[in-house]
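Spelled out, the chains give:
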Amino acid sequence: MPITYDMMKRATAQLYEWSLRKVPDDTLDALRRARESETNQVARKTLGILLRSAEMAETQDRLVCSDSGVPNYVISIGTGVRLEGDIKRAVADGFDELVATTNPPLLKHVTNPLTNERSYRGKEMPLVTWDLADGADHVEIVCQPKALGSGRWAAMEIFTFPTLEQIERYVMECVLKAGSQHCPPVSIGVGIGGTFDYCAKLAARATLRPYGTVNPEPILAAMEERLLRAVNATGFGPMGTGGDTTALGVHVEYAAGHGFTPVAVAFNCWINRRTRARLYEDGRLERVE
Amino acid sequence: MEEEIRRLRLPLSAEDALSLRAGDMVLLDGEITITAGLPTHHRIVEVAEGQREAPRDLHRGSLFHLGSYSRETDGGGFEVLYMNPTTSTRFNPLMPGLIRHFGLRAVGGKGGLDAACVEALREVGGVYLSFVGGGAPLLSDAIRAVVAVNWNDLVSHYRLVTLEVEGLGPLTVGIDAHGNSLYGSLSETAAARMPEIMAELARARAAAGGTA
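Same order as they appear, the protein sequences are chains D and H.
Numbers in this note's numbering are just positions in the first sequence, counted from 1, shifted up by 28.
Numbers in this note's numbering are just positions in the second sequence, counted from 1, shifted up by 293.
Isolated chain D, as found in the complex (with noise of 0.2 Å):
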């Protein structure tokens, strides 16, 4: 039986719902590990007040920030899959059922950019990447509604043929502009390459990245390492207002390109937002993270 247009509706609407109310496990684990190594005070007490807030989110069933975020989805179809329907409105229409019928209500985030305007509709919305996967026998699809108060701090610049240092440092004049203000322990993701627009969404996957996952390329391994120690090395700390902690993970994806070198830096505020789950044929949807 192949994948149809209500299986996809169903899921698409269920990532949602799931990332608004529960912050991923590999973050909690960070959370916490932070709060143990934490030598300032106000910092050790404010991760704690996070954790309590995901904690209360998870048990209570309550959004975790009012901030539903825009929707966005990444989405992998894998080329063992058949589909059947539109697939490509099911997403959408899964959105809009989510909206209509999620407890407590969501604000309305979704905004027109010519008139300002508000709702939970508009162009190209939900902002859907596809993807395709080889051989696989399931579509994967991440949920990663994202906010204002980290998503307003992402950054790009294009460099000519960039040495690792023009690299870093741009990387942390990044993190310097968004000081205390993109809720902070944030995921920091860095792309590196490409063109203008693969770049942007190489530093966006690389968000998507767990904690602790290692590069496989041995000079972004490393260099993620320093960086996370550069960041931390700032004194933003949880929540802007010192400390240790001001980012729990940065995450560097590169492509090869020309000599114009585009570096993309996005950020994740300290929830974290994603929901990772793999679509069957059978109408199974198995949650992967």
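Just so you know, not all the hints are guaranteed correct.
To be verified - Straight-line alpha carbon distances no greater than 20 Å define the calculated EDC-like cross-link-like pairs of lysine to aspartate or glutamate that follow:
(1) LYS205/D to ASP446/H
(2) LYS151/D to GLU86/D
(3) LYS136/D to GLU365/H
Said to hold, decoys possible - Derived coverage of chain H by chain D (criterion: at least 3 residues anywhere in the stretch with Cβ under 8 Å from a Cβ of chain D; other residues may be distant):
(4) 335 to 348
(5) 394 to 406
To be verified - To give an idea of the interface, some chain D residues facing chain H are shown, with a C-beta separation under 10 Å as derived from the structure:
(6) LEU135
(7) THR143
(8) LYS151
(9) GLY263
(10) GLY311
Worth flagging that the hints you see were computed from the coordinates, not collected in a lab.
Where a beta carbon is used, it is the ideal one built from N, C-alpha and C, also for glycine.
Following the hints, position chain H against chain D.
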């Protein structure tokens, strides 16, 4: 944790506001007015400039950058289902005027305010309080009553909402009434550390066998 945290009554007295120092943590009881909207702030500016009637008296009160979901109830009342802070720096250009005009004793949200706001708070004896972002379950639990919801022609989180709260927090004093700002000092410290941070990055790159 709470037992160590000071509990203050709103409206904040001049003495209480002056007694706070940047980095202190507090819990609040009493009446707060909240909004997360730029259109709402523009209307409050109009109130300050005498072009619009004030739906609530904001003088010496608490105005927080908290977004909320409010809805009408069957009995003609309102309920606020949840609330949570938004980034205060978005309101930097407007806040000094509002702080001075209304003599605000407590403002707040998340991410802080700029130096012009720090100066305005020092002049009027007011503080900036940091709410945890993503604290909706915790912060919403402090709501005891909806006192008023005004400007209902705006979307729910842009409305001017006045609430009675109990044990709101814990909140961190980000800017005190004496001109001390954690945001200002942390930014300065971070900027001052940059040469050292870049030197350490260079050392780590060399150790990793980096080429540049």
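Here's how the hints hold up against the structure:
1. LYS205/D to ASP446/H: Status violated; Cα separation ~35 Å.
2. LYS151/D to GLU86/D: violated (32 Å)
3. LYS136/D to GLU365/H: holds (16 Å)
4. 335 to 348: Not satisfied, violated; 0 residues make the cut.
5. 394 to 406: Per the Cβ count (3), the hint holds.
6. LEU135: holds (5 Å)
7. THR143: Nearest chain H Cβ about 12 Å off; hint violated.
8. LYS151: violated (18 Å)
9. GLY263: holds (6 Å)
10. GLY311: violated (32 Å)
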